[in-house]
Structure formats: structure tokens, C-alpha cells
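> If you read the sequences in order, they're chains A and B. Following the numbering used here, the numbering of the first sequence begins with 1 at its first residue and continues without gaps. Following the numbering used here, the numbering of the second sequence begins with 1 at its first residue and continues without gaps.
FYI, nobody ran anything at the bench for these hints, they're computed from the structure. Treat the hints with caution; some may be incorrect.
With a straight-line Cα cutoff of 27 angstroms, these simulated DSSO-like cross-link-like pairs (lysine-lysine) come out [unchecked claim]: (1) B/Lys46 x A/Lys325; (2) B/Lys260 x A/Lys423; (3) B/Lys260 x A/Lys325; (4) A/Lys325 x A/Lys311; (5) B/Lys46 x A/Lys316; (6) B/Lys260 x A/Lys316; (7) A/Lys316 x A/Lys365; (8) B/Lys48 x A/Lys325; (9) B/Lys260 x B/Lys300; (10) A/Lys365 x B/Lys42; (11) B/Lys42 x A/Lys325; (12) A/Lys316 x B/Lys48.
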Amino acid sequence: MTTFDYAPALESRSIVTIDPSYGHFVNGRFIEGKNHFASINPSNEEVLSQIALAGSADVDLAVKAARGAYEITWSVMPGRERGKYLYRIARIMQERAREFAVLETLDNGKPIRESRDIDIPLAAAHFFYHAGWADKLDYVGLGQSPRPHGVAGQIIPWNFPLLMLAWKVAPALAAGNTVVLKPAESTSLTALLFAQVCQQAELPAGVVNIITGNGSTGALLVDHPGVDKIAFTGSTEVGKAIARAIAPTKKKATLELGGKAANIIFDDAPIDEAVEGIVNGIFFNQGHVCCAGSRLLLQENIAEQTIEALKVRMAKIRVGNPLDKNTDLGAINSAEQLSKIESLSASGDDEGVHRWSPPCELPAKGYWFPPTIFTGVTQANRIAREEIFGPVLSILTFRTPAEAIEKANNTPYGLSAGIWSEKGSRILWAAQQLRAGVIWANTFNKFDPASPFGGYKESGWGREGGRHGLSAYLLSNENGEEK
Amino acid sequence: MNQNTVVDGSEKSLLNFLGNLSGVDQTGANARAAMLGTRSIKTSSKAKAIDLAISMVDLTTLEGADTPEKVRALCSKAVRPDPSDPTVPSAGAICVYNDMVGIARNHLDSIGGSHIPVAAVATAFPAGRASMEVKLQDTTDALAAGAGEIDMVIDRGAFLSGRYMKVFSEIQQIRALCAHNAHLKVILETGELTTYDNVRKASFLAMLAGADFIKTSTGKISPAATPPVVLVMLEAVRDFHTMTGVRIGVKPAGGIRNTKDAIKQLVLVNETAGPEWLTPTLFRIGASALLNDLLMQRMKLRDGFYPSPTYVTID
Numbered sequence: 001m002t003t004f005d006y007a008p009a010l011e012s013r014s015i016v017t018i019d020p021s022y023g024h025f026v027n028g029r030f031i032e033g034k035n036h037f038a039s040i041n042p043s044n045e046e047v048l049s050q051i052a053l054a055g056s057a058d059v060d061l062a063v064k065a066a067r068g069a070y071e072i073t074w075s076v077m078p079g080r081e082r083g084k085y086l087y088r089i090a091r092i093m094q095e096r097a098r099e100f101a102v103l104e105t106l107d108n109g110k111p112i113r114e115s116r117d118i119d120i121p122l123a124a125a126h127f128f129y130h131a132g133w134a135d136k137l138d139y140v141g142l143g144q145s146p147r148p149h150g151v152a153g154q155i156i157p158w159n160f161p162l163l164m165l166a167w168k169v170a171p172a173l174a175a176g177n178t179v180v181l182k183p184a185e186s187t188s189l190t191a192l193l194f195a196q197v198c199q200q201a202e203l204p205a206g207v208v209n210i211i212t213g214n215g216s217t218g219a220l221l222v223d224h225p226g227v228d229k230i231a232f233t234g235s236t237e238v239g240k241a242i243a244r245a246i247a248p249t250k251k252k253a254t255l256e257l258g259g260k261a262a263n264i265i266f267d268d269a270p271i272d273e274a275v276e277g278i279v280n281g282i283f284f285n286q287g288h289v290c291c292a293g294s295r296l297l298l299q300e301n302i303a304e305q306t307i308e309a310l311k312v313r314m315a316k317i318r319v320g321n322p323l324d325k326n327t328d329l330g331a332i333n334s335a336e337q338l339s340k341i342e343s344l345s346a347s348g349d350d351e352g353v354h355r356w357s358p359p360c361e362l363p364a365k366g367y368w369f370p371p372t373i374f375t376g377v378t379q380a381n382r383i384a385r386e387e388i389f390g391p392v393l394s395i396l397t398f399r400t401p402a403e404a405i406e407k408a409n410n411t412p413y414g415l416s417a418g419i420w421s422e423k424g425s426r427i428l429w430a431a432q433q434l435r436a437g438v439i440w441a442n443t444f445n446k447f448d449p450a451s452p453f454g455g456y457k458e459s460g461w462g463r464e465g466g467r468h469g470l471s472a473y474l475l476s477n478e479n480g481e482e483k
Numbered sequence: 001m002n003q004n005t006v007v008d009g010s011e012k013s014l015l016n017f018l019g020n021l022s023g024v025d026q027t028g029a030n031a032r033a034a035m036l037g038t039r040s041i042k043t044s045s046k047a048k049a050i051d052l053a054i055s056m057v058d059l060t061t062l063e064g065a066d067t068p069e070k071v072r073a074l075c076s077k078a079v080r081p082d083p084s085d086p087t088v089p090s091a092g093a094i095c096v097y098n099d100m101v102g103i104a105r106n107h108l109d110s111i112g113g114s115h116i117p118v119a120a121v122a123t124a125f126p127a128g129r130a131s132m133e134v135k136l137q138d139t140t141d142a143l144a145a146g147a148g149e150i151d152m153v154i155d156r157g158a159f160l161s162g163r164y165m166k167v168f169s170e171i172q173q174i175r176a177l178c179a180h181n182a183h184l185k186v187i188l189e190t191g192e193l194t195t196y197d198n199v200r201k202a203s204f205l206a207m208l209a210g211a212d213f214i215k216t217s218t219g220k221i222s223p224a225a226t227p228p229v230v231l232v233m234l235e236a237v238r239d240f241h242t243m244t245g246v247r248i249g250v251k252p253a254g255g256i257r258n259t260k261d262a263i264k265q266l267v268l269v270n271e272t273a274g275p276e277w278l279t280p281t282l283f284r285i286g287a288s289a290l291l292n293d294l295l296m297q298r299m300k301l302r303d304g305f306y307p308s309p310t311y312v313t314i315d
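Whenever a hint applies, use it, and build me the whole structure from the sequences.
Printed below as a string of C-alpha cells:
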């Protein structure tokens, strides 16, 4: 038999320049940082750079810079002028797309195909979309002349570093807020490159400030009295802590938290495309996706054939060097996350659930986990309840549509869900019953800046994207909404 | 299980089987084909893919103005695609109209190309609008002239109007005529079937009726062998193999003009039906201009620079 092995097709990393260490980006320039920690390439544990850990003085400096820029420049600038800056940033991001994609892949471990085709184009699209809103805020739905909050403190996760930055920064700036952004500890590099883009776009100093650090830095930012609004994407645990911290204050917050999405396959689904949707739902970005379709609900009468088809398909998943243009599944972002995935998977084994992975060779260095499915999972298993945030799928079955909905909704989360059926009425019926903020029909993990994204229940507060997401960065003048 | 146990030959069993086939989501199929189109095939794998593609080309000329000289030139090219380089594999087959079959067969045999089959387009190609008697006679003529492969067209009018049994029976009759003497390729003309659901349905119908190969197009209708159509057909042969243990071949034809397109087809095969299909006995590419581009890309890999088109022979 002929085999058709794909020779390595590595994207060159020569396009990126990574400094040996970085400081913070405050008031339009880079300042010295302290207490540096290493940022590593999770695919081979290479140290990429040293990242500064912002303490209270740095946070204070950044918030003051944002406040100054807000009062002197950004809030008084006409919307159409703000829009021009956003357009300029979007265009520069497109021009430097390959640089961003390679850097994101190095720092995060995700396949270059995904950073190149999804993360970076979508990040630029968010800036383009919100640039268009900047002079049309009267039409957001909050009445005439809605006001910005002031200074937005934004804390983003490591799974889509630049894309989450774009989700946060673009609407904030379009609405007239200034920002202090803290990227995740393990993935600061594209945010620091974005700081250079702000300089290149000649964005007024202090409008965007980027401070790096860990959870302690995030807490300092949340607690800072100069911050008017918090936007956070991350774990439900930290989200709850933020909610508690701001409860006695006037601070507003949007929180995008965890998920345990049900991907429901009815027996009249287009099977081949559904299998693609299952794969995309859980193995996209190594399953490091808050809206990942991590619980597969298969109608009983097609369960066996679908699992067989899924296994055949999973055997084709190409795991390996994230810079290889043919890689489908990259590295787990950190040792910490890998051990979390390993321990939750082990709980599946302990509870007697059947684990399966295709034969695949994992690189010796770095953090790796094979694409994995668990079959015969019940609602009572930990792997059906807790967010694994890795390439691990729990497969359950259902007999009736009502049972599918009941199981899908039986979770403290409610971020997303998928429905697969060729029957339009069934899709509409199921979508009405599901308690999830985003519902995909015959597709999964599709994102667009115009579409609001957010969760029910413990999956978060508020929406990001679209008119709804933009509203979260504005206050109405008409209903007496106070700062 | 063989195909006779999937359907028993009755109209009821056929309709029942086709009616129960899973649908194809158009957006999803397009997205999957597009994703596979991003595979980056370089260096050693590109060299291998080029030679594989050359060995799969059904070198085709289907013009009213075809001459015996042109057909003979095509035959020579099929045997030795690059006269200056004997390491280039020969092409998969010669594909011509009925009246050229004898000329092609004789010429191939006289130049050491007896291993290369001649495929004849038959059954009132390209429209298939003729009586069954005419279609049978057309096929009989081709077989008599030495055709080793019959590329028949289906009656799209019958298929689209739901008369599946008519299509089924026509394929069966041509199959019987070919017996074990000729390979049967069934042309679905996917550009006229318009939906992927129809492509999947027609693929199964042809396989159940006894096709050795299912072929996308006549080359006379656009769109022809688009990547998603080929994807859907490869999924069908994969599923048919799971059901029956029989491997049916796939032949995209029409619109595959350059090496990049051809390699995309091979990636589709590799990641959909599987590497078992990466052989000229199970995958062919119907083309004419493609071969020269494959040869030029081969020279580029060998010599490090692109040759002028004057270094490959024109047909």
C-alpha cells in the first residue's frame, strides 16, 4: 500500500523578534518591570523571554495613565476620530498577521494553521467591526449619546491570547473607554507585540496600557479604585472571586467563564459533517476553548456507528510541532494545565469509564496530550460535569429529544451548545429549550464579531461581540444609569 | 456482505436504501474540503505525489475535432510522459471517444504500452440522451474495438426526476455487457446533480448497480470535480467498503489543471477514503492539460528551476 506521509512544512519563525525580557506598556511606552518570570514555548519547553510581574506600583501607574488619557484625550475625541485609530490598528494587525500568528503559536502552542486562519484574522475583524461602531454609538440601543465608563480593567486568558485581547480592547476603545489590560501569565507575548502596534498606529499615549503578571496582578487591577469596569475571561472560580471583590463597589463587570457544552447529534444528522463538528468542537485549539463541545450527546440508535466514524476520523488528526502547517493538534499550554487534564482523565478511568485515543506519537519534550474520548459516560461522572479544558471528549447517549435537552441542561454551566439535525423544526425546538448563550446548528465553534457571545448560569455575566457586547462598555444617559 | 445483500435488486429495496442515506451538510462539506486544501505538501512528499498523480492521469481527448494523429501522440505521451526522463511513470489510461479506441489500442500495443488501458466514453456520452439500444450498441462497439474501460454516463433526467430504478437498471445492463472484460466507470455528472445529497445518493446507486469506479463529470459541464464533490464521493466509497468489504474507485474529471489541484485531490483521498485508495486501480484523474504541469513541476523539483513550456510536449 502506498503511504502518503507529509514532509515537515514548518512555518519560519524568522519573522518574529522576541526580546530577552519585557517590561510593561504604560502611557504609550515600555517601562522597566521587576520580578521577571519565564514565558516558555509549551511545545518544547524553550524559554522564549522573561516577563515582568506587575506589582501595585505598576498597576497604579497604568491605571493613572489610563485615567489621564481618558480625561484629556479619548473621552473628548469625536467618535469618528476614535474609529480612525481602530481602523488603523486593524490594518496593521492584518499587515503583521504572519508575525502575530507565528508568535502566538510559539507562545501558546496552538497549531499555526489555527493562529494563521482563525485567531489573527478574527482579532483584526473585531477591530474593523468596532471601528465602524465608534461614531454610531447613538444606535447601540442605549438612547442618545451613551457615555463610556472610564477606565476598563481587562484580564484575559491564555487560550486565545490575541483574540481575547481584541474582544476586550476593541469595544472598550470604540465606546470611548481607556484600558489597562493584563494578559495571561503564560501568554503575554502577542499582547506586548500589540503594544508595538498601538505605537505604530500612533494611538494617543495611555489609551491602551498593558501590564503583565499573574493572578496577583489581576487581583490588584480588580481592586484598584481607579478602575470603573472589569472585563474578565477565565475560570469560573476566579470569576466568582472577582464578583465578590467588586460587590461593595460601583464597578461594573462582564465575565466570560467556564463551560461544559453539549454537542447533540440527532439520528437524522448529516453524519460526516457531524463527525467533523465533533472533532472541531473538542479538538480545536487542543480543547482549550471555554465553549468547547466537551459533552457529546449521541442519539442511541446512531451511537455505535458515529463513534466508529469518529475513531476513524480521530486517527487522521495530526498531532505535533505547532509550527508545522499540517498540524491539527498542538501542545497543551502549560505543565499545570496538562496535569489538570491528566488528573481529570484519570478520574474517568477510576470511575470505570472507557478511555480511547488513536495511536499517536507525542513529542518527547513539551506538554502533550493525545486526542481522547471517553465512552459510556454518565451524568454522574466527574468528566461529564467538570470542565477539563483539554482534548478530552465525554460521550453520552440519549433516547428521546427530551432526554437530550434534559441532559444538556443538567450542568451549572451554560455557555454554548450544538445541535445536529437535518430537520429545521427540531433545531428550532431544541434551541429554544437549551439554556446556553451560544447555540450552533450543524456547525460548532464559529465566531463572528457581530455575534454576541456569553453564557447562562456559571458561564458568566454579559455578552461580548455585537451590539450587546458593545453596550457593556457604555452607560445610558436616558435611564439615569450612574457611574 | 456484498452489494446484493445491501439491496435485492427490487425497486423497493433500492428506494429504501437510498432514502435512508444520511444527508450531507453543504456548508460543512465545503468547510472540510477547504481545510484539507490548506495541507502543505512540500519536498519529498511533493515529489512522491507528483509521480503518483502522473500514474493516475487518464489522459483524455474528447473533442469533435480529434484526429488519429492527436490520439497517437497522446498514446505516446501516456507511455513516456517525458521522453527525456525514463523515470517518469506512465499515465493511468487513455480516454477517448468510441471511434478512436481501435487507433489508440493499436498504437499503444505497438509502442510498448500494452499495459495502458484505453477507456472509451460510452452510452451516448456526454448527455446520455438516447435509447437503451443505442447505449448498449455504443458500449458493444467500444468493447469490440478493444476498450479496457468503459466510462458511461448516467441518465441525469431519470435520476433528477426520481426514476432511480431506470438509472440502476441501465448501469446493470452496461455492467453485464462489460462482464469481466472491461472496468466500468460510471459518470455521475455532478454539475447537473447540483446538491451533495444527490451526489451521495448517485454514488451509492452506481456502486450498488456494479460500478468499478464512480466518476464526477464528463468534462463538458461546469462545475466538475470540485474538492467538496470529490470529498462526498470518497466518503461514499469509504462507507461502501465498510458495508460490503468492496473498494470502489473514484475518478474526478474536469477542472483539475495544475499540480496544486491534483495534490489537493490526493490529500482528499489520503484523509477521507484512506491511503488504500492511493493507487491507479482505485483513483484516477481525468485530465489533459494537467500532465504537462505535473511534468514541469517535476522538472522544477529535479533541476531547481522552472522549465520553459517548450520542454514538454504539446498534445
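> Which of the numbered hints are not met once you compare them with the structure shown?
Per hint list: single violation, 2.
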